[in-house]
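**Student:** For the protein sequence lines, the chains are S and A, in the order given.
Under this note's numbering, the first residue of the first sequence is numbered 1, with each subsequent residue one higher.
Under this note's numbering, the first residue of the second sequence is numbered 115, with each subsequent residue one higher.
A few of these clues could be false.
Said to hold, decoys possible - Chain S regions said to be covered by chain A (calculated; three or more residues, Cβ under 8 Å): (1) 43 to 57; (2) 99 to 106.
To be verified - For lysine-lysine, the following DSS-like pairs were computed, each having C-alpha atoms within a straight-line distance of at most 25 Å: (3) A:LYS171 <-> S:LYS101; (4) S:LYS68 <-> S:LYS101; (5) A:LYS185 <-> S:LYS101; (6) S:LYS42 <-> A:LYS123; (7) S:LYS101 <-> A:LYS123.
In case anyone wonders, no lab produced these hints; they're calculated from the structure.
Quick reminder that beta carbons are idealized off the backbone N, C-alpha and C, glycines included.
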Amino acid sequence: AQSVTQLDSHVSVSEGTPVLLRCNYSSSYSPSLFWYVQHPNKGLQLLLKYTSAATLVKGINGFEAEFKKSETSFHLTKPSAHMSDAAEYFCVVSQYNQGGKLIFGQGTELSVKP
Amino acid sequence: NAGVTQTPKFRVLKTGQSMTLLCAQDMNHEYMYWYRQDPGMGLRLIHYSVGEGTTAKGEVPDGYNVSRLKKQNFLLGLESAAPSQTSVYFCASTHSGANYGYTFGSGTRLTVV
Chain S
1 AQSVTQLDSH
11 VSVSEGTPVL
21 LRCNYSSSYS
31 PSLFWYVQHP
41 NKGLQLLLKY
51 TSAATLVKGI
61 NGFEAEFKKS
71 ETSFHLTKPS
81 AHMSDAAEYF
91 CVVSQYNQGG
101 KLIFGQGTEL
111 SVKP
Chain A
115 NAGVTQTPKF
125 RVLKTGQSMT
135 LLCAQDMNHE
145 YMYWYRQDPG
155 MGLRLIHYSV
165 GEGTTAKGEV
175 PDGYNVSRLK
185 KQNFLLGLES
195 AAPSQTSVYF
205 CASTHSGANY
215 GYTFGSGTRL
225 TVV
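So that you can see chain A by itself, here it is in the shape it has in the complex (with noise of 0.2 Å):
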């Protein structure tokens, strides 16, 4: 049971440079979302999606997009990364509905210099 995949793991890009992270989930999840971790600010939501081919803004969209064209996978790009984008980011998945447990992948270490 593979449950969320992350890739890549680690990145060090430099500023200006583009790149797009994959979140992988092979449960069948309706939804699925991205977060990124900051020292003492928790996990906050970037985007999210309630299905394929649907996409939402969270918390803290500015400088991301994404995209869901199939309902396993749900991609998080940077156009133009910037050194404040330097964080851990972490996808997550979970069934439509409440009462469901969620699944995180293990996150990718992201570094723009």
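If we strip away everything but chain S, and leave its shape as in the complex, we get (with noise of 0.2 Å):
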């Protein structure tokens, strides 16, 4: 069974510094893996994803994340943090051979201090 786990629940950082949230996955096949950004009371907006091509993947706002199989991470990165990124972040897989499944991690929360 695939499953999905962001290590911190909530992450602090100041504006103008870097961000990283972490998640790891576990699959039994190559997985599709998504990352996306939920704003307070707002719906699911996607950052980006992998789907078995170029490792690091680039998505809006300036976040990329590096899809690493020996480590079997997925880790959202920012090089410098906005007021705006302050939001709940979703590390996700998808079980495409299983209808096509979301499975999403417990969610991170991103506060940015200025």
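Combine the two chains into a complex, taking the hints into account.
**Tutor:** Dropping the structure here:
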């Protein structure tokens, strides 16, 4: 069975400093992995996705993630945080051979201090 | 482009009442899903469908029923609402096969009192 673990429930950074949100996955085959962002009282927005092409994936708003099979990780990074990045972030794995079900991590809340 | 539309957006129910949440997509997607979101638990899959006339249970199906009579619509029913079903519900859809993107609705906030 596939699963996703987000290693931090809450991350706090200062504006202008780097962001690192950590995600480990478990999968019996090559997974499709996603990062979604949810701003307060809003819906889900796709940041980026990995689908077995390049291991370094670039997304919107300056975010990127690196797929590391040997470490079963898919950490999300951004070089410089903005106040507008404050939100909840979800790491997600797709079970595309089982009806395409998305399995969500528990989420990481990112706070950005001025 | 409407994408995925959920109705209603907000609802307050009394314990024991029933209701149906509607998800409609106009992208001809084969796969559709219902999730619930609760604080600290991410999104959990309730039921899903891989095509018209098909449904399957997800991670937390108890207390819910679904139907997919038309390809574009996926209905989520609560026959006898309980306070534990207070949550935000999201519908999503995608094409079959790998590497397609998922489209999410904007959510339905349900409170059961």
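**Student:** All hints, please: hold or fail.
**Tutor:** Each hint tested on the structure:
no.	hint	result
1	43 to 57	holds (count 5)
2	99 to 106	holds (count 8)
3	A:LYS171 <-> S:LYS101	11 Å, holds
4	S:LYS68 <-> S:LYS101	22 Å, holds
5	A:LYS185 <-> S:LYS101	17 Å, holds
6	S:LYS42 <-> A:LYS123	12 Å, holds
7	S:LYS101 <-> A:LYS123	24 Å, holds
Taken one by one, the earlier hints all hold for this structure without exception.
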